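Trainee: Sequence:
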Amino acid sequence: MTKLHLSWPKLKQNLWEWRGVALATPTVAGLIIIIRLSGLLQSLEWAALDQFFRWRPKEPIDERILIVGIDESDLQGIKKWPVPDEVLAKLLNKIKSQQPRAIGLDLYRDLPVEPGHQALIKVFESTPNLIGIEKIVGDSRGFSVAPPPILGKQGRVGANDVVLDGDGKIRRGLLFLTPPDRSIPSFGLLLAMLYLQAEGITPQAADNGFLKLGKTVFVPFEANDGSYVGADAGGYQVILNFRGPRGTFPTVSMNDVLQGRIPPEKIRNRIVIVGPTAASLNDFFYTPYSGGRTNFQERAAGVEIHAHLSSQILSAALSGGSLIKSWPDALEYGWIFFWSCVGAALAWQLQSWRWTAGSLAIATTALLGSSYLAFLNSWWIPVIPPIASLLLSAVAIVAYIAHIERKDRQIVMNIFGRYVTPQIAEAIWHDRDRLLKEGRLKGQKVTATVLFTDLKNFSTISEQLDPEVLMSWLNEYMEAMSQLVLAHGGVVDKFIGDAIMAVFGVPIPRTTEEAISHDANAAVRCAVQMGSTLELLNELWKTQGRPTVAMRVGIATGTIVTGSIGSSQRLDYTAIGDSVNVAARLESYDKSIDGGICRILINEETYRYIHASFTTKLVGSTQLKGREQLTPIYQVLLD
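Residues in the sequence shown are numbered from 109 upward in steps of one, following the numbering used here.
The set of hints was computed from the structure by calculation and includes no laboratory data.
It cannot be assumed that every hint is accurate.
To be verified - Derived pair list, reagent style DMTMM-like, types lysine to aspartate or glutamate, alpha-carbon separation capped at 20 Å:
(1) K733 - D747
(2) K198 - E222
(3) K204 - E167
(4) K323 - E307
(5) K725 - D698
(6) K198 - D218
(7) K323 - D340
(8) K188 - E222
(9) K725 - D702
(10) K725 - D747
(11) K204 - D364
(12) K650 - E576
(13) K374 - E307
(14) K699 - E584
(15) K650 - E584
(16) K243 - D273
(17) K243 - D364
(18) K202 - E373
(19) K564 - D702
(20) K650 - D698
Every value quoted in this text rests on a predicted model; they were computed, and no experiment measured them.
Please construct the entire structure, taking both the sequences and the accompanying hints into account.
Mentor: Laid out in structure tokens, this is it:
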């Protein structure tokens, strides 16, 4: 119980110190989540997904699928488009003779293309594993395309519609379209199911009602899956797991098949998809591989898009892989929050731009690496939102640290800033963590040199001068003297009427004899310079009709206690102790001792440090007020 009691204040202090992190982390994470839900990050997340596709090692060629492309050389050979039904019938018969598992005709045939229409009808009727296409969703002008009549009656038609994202790329595939009152399987799905029938795999309904083929339940795409925000999730969609860029599947030309140049084993037991690949036919689509330096704006033929979907279904059904999955919303939000914590913690712990930037670079690399590894295992997790959360939370903490430093600097400068040199102020600032405690400087015992000054006959002068003139004259004197203190590395502790108290050797404690000696010499040099400056001021004041004065200085080196005194509204840094009292007594000691324009009396400790540099004489030893022992007094003689 005692141990817990002792640790609680420490825990509270740590929690208080980390309050900025505790505030910034959820705030930044929440802001990023809101921005993400608005859709503003969607295009960037798509770009990140595309880059992962391009980074991923190229998968082996899927030999289960063969594309028979109608290329430019084929068009030159038949000199007609669309391909006449006669040519198409010959091509399908040639493919059929090689015993493929499924034949897909990715060409519209809702109308005859003579010559040879009857021959094509016979092929349609006699080829049960032939699948045609229809377009369900209207194009930009609202037109759809009907299926070949024979194939339509026999239910051997699949929809060849594709889903385009807002940037014009295909990242999703359709398993079913669901216009009112019916469900139409896609072209790629029908071809895959024909292939799987030979493996003894037929469509089934999972417990949740989703489509099950072999080892995989196909979970339909939802409007906010992955990085999508409010996407059109109509029908039964899945995220396409592209096997690679354009040219991933084995492809032969129509003419090569017609001429018998394709070995039968390249067709037997495969899915064969016939479709246009000629550039002039413009049946091409942008995919995640349509980017990067090597394949910028490369497009894949429509027949390849269907091949990718069929290949994905086959792999999922036979081996249980290839479907891209995404996290539920709560897990994605937690992922964003986690990286917000990382960014805030790094910035707070390191508190250095250089180290923070370096650590953020490492953290970003780790984030990208973990997201990429997840993608290699078919998981699509957020990339851009956590990166934004990581960096923005770090920026927020850096700004918070800067704010705290400004407040700390203001506290320090409020205590010291009026009457210290920039060098001392900077030293105080750099040592602020040791000096500042609860908004004030803690008391500490140091060895320093204290200087007191006072003007001779000031009371008489103040009675003779007009108050406005008196204050102007006195301020001119104080300004000159305080600047000399600063110039010699001292701290002006306070002004008391016409008196000045200055300390040399604070607030950074002196720990060596050399440093203490330097402070004592600086104090005496300052006093000597004060006498010279006052002489110049007297000459100026004489021309102005103002009074001239002399001054007394008392200097004592020894132990003092320094710290801030006052309330939270007003703090003053000051020094107290025996040496302060000695310096004050030396300044007022035996006013009959003449010292010219500036009489300087010092104690024995100061004398020990400065006697080699200044001309001095022993005045005597006396018992100063408030002290029991005798104090040797020395006078510094001016030239």
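Trainee: Determine for every hint whether it applies to the structure shown.
Mentor: Now the hints, each set against the structure:
no., hint, result
1, K733 - D747, "violated (31 Å)"
2, K198 - E222, "holds (14 Å)"
3, K204 - E167, "violated (29 Å)"
4, K323 - E307, "holds (12 Å)"
5, K725 - D698, "holds (15 Å)"
6, K198 - D218, "holds (19 Å)"
7, K323 - D340, "violated (28 Å)"
8, K188 - E222, "holds (11 Å)"
9, K725 - D702, "holds (13 Å)"
10, K725 - D747, "holds (13 Å)"
11, K204 - D364, "holds (15 Å)"
12, K650 - E576, "holds (18 Å)"
13, K374 - E307, "holds (19 Å)"
14, K699 - E584, "violated (24 Å)"
15, K650 - E584, "holds (14 Å)"
16, K243 - D273, "holds (18 Å)"
17, K243 - D364, "violated (29 Å)"
18, K202 - E373, "holds (13 Å)"
19, K564 - D702, "holds (11 Å)"
20, K650 - D698, "violated (28 Å)"
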